[in-house]
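Chemist: Residue numbers (the working numbering), protein chains in the order written: chain A, 160 to 434; chain B, 26 to 273.
Since no wrong hints were added, every one of them can be taken at face value.
Below, in silico cross-link-like pairs of lysine-lysine (DSS-like), each with a Cα-Cα straight-line distance of 27 Å or less: (1) B:Lys207 with A:Lys227; (2) B:Lys202 with A:Lys212; (3) A:Lys215 with B:Lys202; (4) B:Lys129 with B:Lys111.
I should point out that these hints are in silico values taken from the structure, not numbers from a laboratory. Since the model is a prediction, treat every value here as computed from it, not as a measurement.
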Amino acid sequence: MILLENVSFGYGDDSSTVRDISFHIERGEFAAILGANGAGKTTTAKLIDGLLKPTKGRVLINGLDTAKTRVSERARHVGYLFQNPDRQICKNTVREEIAFGLTAVWQNAGEDAIARRVDEVLESFGFSGDEEPFSLSRGERQRVALASVIAIRPEIMILDEPTTGLDYRECTHIMDTIKTMNEEQKTTVVMVCHDMEVVASYATRALVMAGGHLLGDGPVKTIFRDQELLKRASLLPPQIVELALRLGPGFENADTVEEMTEAVSARAKRKGAGV
Amino acid sequence: MKDLFQYTAGDSVIHKLNPLTRILLAVAVCAAAFVSDNLYYLVGLLCFDMLLGLLAGVFGKALSLLKGLLKISIFLFILQILFVRKGNRVFWIITDQGLILAAKVVLRLMIACIPLALMLAVTQISDLANALVQVAHVPYKYAFTVTTAIRFIPQFMEEMADIMEAQTARGVEFDTKNGLKKIGMMLPLCVPLLVTSVRRTDAAAAAAEARGFELRNRTSGYKKYPFHWCDLLAVLVCAALIAGAVII
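One chain only, chain B, in its complex shape:
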């Protein structure tokens, strides 16, 4: 799972987009998913997510994400069909409207989760930070905070896995098949994770200070992030996606 957030190099059309356009594209797909109330359109958006993965050369990651979301989607689907009472009864207490609503909720979850992860997988975090500073005029401190938070996600996941491994070796039953028991046992582990995270953040802050963090400004980056025709095309796609969601 942690590999999903790791950068995948490439020369695809998505890689050629400006980092901000990629994020805009992801946000537009999410927005379209929540604006649209049409089941077919939502299915289309999910296909568009997969197409994005294919165009970016990370189709495997897109499929892994979809697979990862499947469990929680099934859980949500069952919850929805059991609790929605409106509509005509189809089977037992399940209604037709319950089925449609459940499908929409699950589709929205999948559509919203996939594009942002995919775009982050094809964007160097430093590029995203620099583009935010240069193009969007975000102060470097804030851009650095956001990008550092993203950068640390896989490291924290790795750290948690290592902590769980160490506790298993001590006899804590993390190798149990009871999921609820496992979740209960994870709570005390927040302490070492928090301590390690604070120590890591402190070390990162000291290293940044030592390398002249305070001196950085909008003109510090040597790499430029101009917009090309493909960015314009992507913005049009974004507009079309949202317009389609409103109209259909």
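Here chain A stands alone, though its shape is the one from the complex:
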């Protein structure tokens, strides 16, 4: 579905580059790109969407080379949620905002079909549709931006730090919606994220970057336990993983609070049974 082959990219000032990275993401995967600031995460996300064209190598989305197809055409299949929702929002009501992306992408669909889809999305996000997007809170604006992206039913969702500046409740709202799409509609998700707790809770695969290189690629559980790799990428695992590592055998799979609770219960039961 997403294939990067020996991809390199450099900005004019060479401040942030991607150097010879290759990976393949299958349909329905939930991958997180991790790394410190300037590691090349956002550049990689933009390369996947075709907003940036590789200087070397090639990026294929569903077999199509991003260098040869227009971003606006690919928008039918690929949705991109930016860190700052204010760059996406440009209409006076939430209803118009959701319809705006749809009219650009569903050019052959009739007005009725678009209106029906807008109503569906409004209902699922709990918006009335008459709200003014710019008067909403940061978290609500991010939800409006997400609703606009989800409305087009993309096969691939690229999220650039979707939870930055959101409180826990808003963060959970956003991520739960994305996870539901991933699980129910097999939407492929590629997420750039600094929040390791969010990565541990939602992503299944992690791609670790540093200095424009891809240092590691594997299941989140394996990556978070590779302390050498995390150190090279200047990353820290989530606190719950650190705790699990210190507790040792029996806690290998405890990456979330739920998993830790299960592991502790299992340990208590074994002790109770005198094992």
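Chain B: place on chain A using the hints.
Modeler: What follows is chain B alone, placed relative to chain A:
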């Protein structure tokens, strides 16, 4: 393009000039361009613009500016030669006077646009604000307003580029090759740009207030901006440029 407005550090003779002298120099070149009616003198002024860029160590920026102005200049040139009917016909409906007038218009556009951008590229905005307050006795509020407006130009350009990128990702055809279509699509984007700008301005105002903006006056700046011999020389050059434009 946004890099053109960013400050370039250096130790050139232009960098040594008082910030106000640099602005005066830019204004004098612009004034000379509009006063002069001599084609050769205008060509000379354009060369002077390039010389300024070379002296300031930003010749590359001067060339980029010239290149950037080339498209609009060609458009203006064609417009002029098609609509000016005076003079002797040279070819088709094009007259000799039309060609001369078109050349003058295009040269004036280039001469007027380049020096101010170059001078701003070699002047720290804070220096310009402080010099305006200390030397020209402009109230700090007004100097701050002017300099902040200049400072935000590259940021707004960056913001617009980011907004267009975000809209392209949503399926809006900003990656079309049809320039007119692109301009039409840019209009709705004024809303997010305006909202972001107002938010940014509001935040900047709150930050300035929190740092004692109201307490600042002419004596607040610790850096002094005296005039040197090179400033005097630059003022003489300014006078010579305008005098030359009037006489020639």
